[in-house]
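There are 2 protein chains.
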Amino acid sequence: MEKFEVTILGCGSATPSPKHYTSSQVVDIRGKLFMVDCGEGTQIQLRRSRVAFARINHIFISHLHGDHCFGLLGMVSTFGLLGRTAPLFIHAPGQLWSILEKELAFYYPDLEYKVEFLGFDPAKTTVVYDDRSLTVTAFPLKHRIPCAGFLFQEKATSDHLDREAADFYGVPQWDYIRIKEGGDFTTKDGTVIPHSRLTTPADPGRSYAYCCDTAYNPAMIPIIKGVNMMYHDCTYAADDADRAKKHFHSTSVDAARSAMEAGAQRLILGHFSARYSDESILLNEAAAIFPNTVLAKENLTVSI
Amino acid sequence: MEKFEVTILGCGSATPSPKHYTSSQVVDIRGKLFMVDCGEGTQIQLRRSRVAFARINHIFISHLHGDHCFGLLGMVSTFGLLGRTAPLFIHAPGQLWSILEKELAFYYPDLEYKVEFLGFDPAKTTVVYDDRSLTVTAFPLKHRIPCAGFLFQEKATSDHLDREAADFYGVPQWDYIRIKEGGDFTTKDGTVIPHSRLTTPADPGRSYAYCCDTAYNPAMIPIIKGVNMMYHDCTYAADDADRAKKHFHSTSVDAARSAMEAGAQRLILGHFSARYSDESILLNEAAAIFPNTVLAKENLTVSI
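Residue numbers (numbering that gives the first Met the number 0), protein chains in the order written: chain A, 0 to 303; chain B, 0 to 303.
So here's chain A without its partners, still in its complex pose (with noise of 0.2 Å):
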C-alpha cells in the first residue's frame, strides 16, 4: 500500500503550554506534502521532525485565529532562506489575503519564490485542491468564526491485472495498462474476455478527515462518511460540556459520537485544552463509546 500518515506538529489549543504547540500537522499521501494549520511554532516543530519539509508545496488553513495561522509567516522567511524556488500554495478563508498580502510585502518584498494565495468560503463545501490521486475537499464546521474541516480522499487505483489470466488469454504486456483502466480483451480468435475476468477490483481510495475547530457538528457526517481516519477537535472532558458549548469547541464525547456516526475506522483527538495535564482521561471517556482512538501528541506519525 503506497503511503498515506499523519504526522502531528502540533495539538494544543489556543494559549501554548509548556506541553503542546498549537494547531499543525502534515499529510504525507504516497510522497505529497500536504500541511494543515500553522500556529505559531510550526516551523521550530518541522526541523524537530523527520517531514522533509521542502516538499510541502500546499498548506490548508481552516480558520483564522491566530494558533491555525500565526506559523505561516515564519515559515515562509525560512523557506526563503533554505532556498526555496518552488511556489507555495495557500488555500485558506478568502479573508486571509487582505492581510497576508500586507505581511508578505512588509515582511519579504524580495522573496525568491512565489507565495500563491488560493482563498476559498469556508462557509461552503468546496473542492479546494484535485489532481490524479487526490481531492482535497472542505467543509463547513461549527465555531465561533467561520471555520473548515479539510476531508483527503484518495482516488481509487486502477483495477490490478490478473496476471494468470492475462496469461492465460495471451494479453500482450503493452495491453496491460488499457486493460488495467478497465479495457476488455479480444483474442486471436475473436473471443471477448470482459476487463472483469482479466482483474481484481482497485484498492478503494484511503480517507482523511480533519475537524478541528468545532462544536458537534452532525451536518458534516454525511460529507465524511466512511472515512478511514479522523482527527477531531477535543479540547474538553465529557463534565466541561458547557464551556466547550460556550467556546464552540467539543468535548471527548462529542469527538468520539462524530467519529460513531460517520462510520470512521479511527479517531484521533487533539485541539487539547492547556487544563489537562494529564489527557488520559479525554482518551477514557472517547474509548468508551469509540473505542478505535488514539490521543494526538507532537511528533505521532499514524499510517491510513
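FYI, nobody ran anything at the bench for these hints, they're computed from the structure.
Please note that the accuracy of each hint is not assured.
The list makes no distinction among identical chains, and a pair is therefore deemed to hold if it is satisfied within one copy or across any two copies.
[Said to hold, decoys possible] Straight line, CA to CA, 27 Å or less: simulated BS3-like cross-link-like pairs of lysine-lysine: (1) Lys31 <-> Lys296; (2) Lys113 <-> Lys101; (3) Lys224 <-> Lys141; (4) Lys123 <-> Lys245; (5) Lys113 <-> Lys245; (6) Lys296 <-> Lys18; (7) Lys296 <-> Lys141; (8) Lys141 <-> Lys244; (9) Lys187 <-> Lys224.
With chain A's structure known, arrange chain B on it following the hints.
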C-alpha cells in the same frame, strides 16, 4: 542588592534549529519585567520559564526581521486570553506600526486591553524608557536593516545612611530620607554635620547592554562604556568572518573585542547560527580574548 537579571528565552539566529528558539529575553529589574525582542515561539518559551509574564508591561523590538518580532501577535492574544487588562507598551522602530496596527485590527478587534505603540528611530541614540529607577536607551547597531541595541541603566539609589553616625549626632528617624538624598544635618547646638559624614555612597547603578543583531560596531562603544553585562551577536565562529560580514552579523572574536573595548564585566554570547551543533568553539574563541564570557541558552538566567 536588588534584583537585576536577564532570562534568555531564545538565542538562535534566523532559521530555528532543533536546539534554539529565535531571539527573545526578559530583563527583570527590581521586579519590573521588560521583554527584549519577541521571535516566533516566545510565548511558548515564556510558559516554560519561571517568568511571571503578567508583569511584562514593556517590550522593546530591535528591528523588523521576523525572528525578532513574529512572536508579538501570539503573545498579545495569549495575554488577552489570560485576562490581561493593563496596557502593553511596544517600543519598536516606528515603521512596525504600519503593519502591526493592521494585524491587531484584523485579528483582535475586541482586545480587552490596550496595546500602545511607541515608535523610535533605530538610527539614533534615544532614551526610550525612563522611570524613577531605570533608563532604557536605544542606540544604533550595524545591521542589514536599521537595528537598535538597548542599554538598561539602573539609576543610582540614594546614599546609604551611616546609622552609627546618625545616632551619634542625634538625627531623628523622620529626617533619614532627606539626609540620604543629600541633606546635611544641623544639631541642636547649631553645628552643621555635612551629608558626607552621615552617609556612605550609593551603589552605582548597574547596567546591561543588548547588542544583537550587529556586525562589529565600534560606534556603540562610548554609549555602553563600563557596562556590567553585555549580550552580543555571536552568529559565527572566527573562520566564518566573511559570512559574518556579508550578513552584518558578528563572530566570536567581534563579540569579545566589543566587550573588551566597552570595558564590560561580563559577556553573554547569543544569536547562534544553526550550523554549530557544538557551540563551545564560539565560547573558546571569545574567552581567549575576553575570559568572563558565557554562552546564552534557553532558560538561562544571569544576575547582574
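Evaluated hints:
no. : hint              : result
1   : Lys31 <-> Lys296  : within (22 Å within a copy, 36 Å between copies)
2   : Lys113 <-> Lys101 : both (15 Å within a copy, 23 Å between copies)
3   : Lys224 <-> Lys141 : within (17 Å within a copy, 59 Å between copies)
4   : Lys123 <-> Lys245 : within (23 Å within a copy, 50 Å between copies)
5   : Lys113 <-> Lys245 : between (40 Å within a copy, 25 Å between copies)
6   : Lys296 <-> Lys18  : both (9 Å within a copy, 20 Å between copies)
7   : Lys296 <-> Lys141 : within (24 Å within a copy, 42 Å between copies)
8   : Lys141 <-> Lys244 : within (10 Å within a copy, 53 Å between copies)
9   : Lys187 <-> Lys224 : neither (46 Å within a copy, 97 Å between copies)
Taken one by one, the earlier hints fail for this structure only at number 9.
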